[in-house]
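Hints given; two lone chains; assemble the complex.
Chains W and X, in that order, give the protein sequences. With this note's numbering as the guide, the letters of the first sequence map in order to residues 1 to 113. With this note's numbering as the guide, the letters of the second sequence map in order to residues 1001 to 1113.
Please keep in mind that the hints were generated in silico from the structure rather than gathered at the bench. Check before you lean on any hint, since a few could be wrong.
Residues from chain W shown here face chain X by an in silico Cβ test under 8 Å; the list is partial [what the hints assert, rightly or not]:
| no. | residue |
| --- | --- |
| 1 | G40 |
| 2 | P61 |
| 3 | S84 |
| 4 | F104 |
| 5 | G105 |
If you want a taste of the chain X side facing chain W, the calculated C-beta under 7 Å gives, among others [unchecked claim]:
| no. | residue |
| --- | --- |
| 6 | S1099 |
| 7 | K1100 |
| 8 | F1103 |
| 9 | T1105 |
All C-beta atoms in this analysis are idealised placements derived from N, C-alpha and C, irrespective of residue type, glycine included.
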Amino acid sequence: NAGVTQTPKFQVLKTGQSMTLQCAQDMNHNSMYWYRQDPGMGLRLIYYSASEGTTDKGEVPNGYNVSRLNKREFSLRLESAAPSQTSVYFCASNDRQGSRGYTFGSGTRLTVV
Amino acid sequence: GDSVTQMEGPVTLSEEAFLTINCTYTATGYPSLFWYVQYPGEGLQLLLKATKADDKGSNKGFEATYRKETTSFHLEKGSVQVSDSAVYFCALVNTGTASKLTFGTGTRLQVTL
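Chain X with its partners taken away, still in its complex shape (with noise of 0.2 Å):
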């Protein structure tokens, strides 16, 4: 079956660093792939996607690449912020499955000073 495999956590970095959070994927097809969000005490928000090989999804500053060929999709930002601190999960959804979402375990990422 589909899955997704993220880097352990937790990650921690110094304000202005850059950050890499990677995952890679298991799945027949041609899946969607997602990066979500989770801030303390809140639900999931949708950070960026790619649908295709080659495509770069990009949000707030973080974007990842659809690496077909390396089946991953590296989270990256050049300049992380103490508010980027928060859970951020690898997802994708494969075709003729509904539309589940199948994710990664989560990184916790924390941001200091």
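Extracted from the complex, chain W is given alone in its bound form (with noise of 0.2 Å):
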């Protein structure tokens, strides 16, 4: 029962390079999220997918991009990274009644130097 998978787990880039962070999930949830993580801010919204098809932005959604291949994953990418993308990236899925709780990823440590 692996719940919410990703990878890499940790990367460091340089300015200018680009990546796709990986996420799988396996519980069959309708709704995924990517979400940035960065000392005394919380956790901040980057983008969502409510279902299979569809997208939309978060709180910061500058600088990424997403897609949802299929119900089960879901990728972010950086095309051009930058030294203020640095942080720690977490996915995470629910059901659609949302009242239940996320299920998060362990997290992908990215370093742009």
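Below, the structure written as structure tokens:
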């Protein structure tokens, strides 16, 4: 019972490089989310997908793109990484009801130098 | 918009001490409220939740009561252990928001022997 799986766990990028963070869930959840966690700021929503085939911007979408590949997978892409994108990224999923709480992945620690 | 305010950390307690972490929220309607816990190097785990006014969520000795009149959801534990050392996040999900979680900034708890 894997839950939410994120890859990679760690990544170092040079400014201007691109990369894709992968996320997959095996709970048949409709909704998936990408958050970033920065010291003193809690978690901030980057993008979300309420259901397969839809994506929407969250609080801090600039510099990111997402793809909901199918019901299981939701990827986050940085086209041209910047030092301000150094953060810990969490993927999460949820059933449509919302009130049952999210399941989070273990995170990707990204450093942009 | 919706927001969650938590007490500043870190909170340092001796083992077996009583714990309170304050959380207040601002939201329209009737949000569901959550406490998440993040152990070092890990993702967030749902600790407890409450979906309507006067509900009490509880888990692993932790409790929180949904107080609509004071818009609060304070986390309490009667006797903390060293293993409770973690970062605690208060969060809410409001109706009609595609189940997007809004987080507080987190409170770090350090329990010493």
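Next item on the list: Identify every previously stated hint that the structure contradicts and give their numbers, smallest first.
Entry: 2, 3
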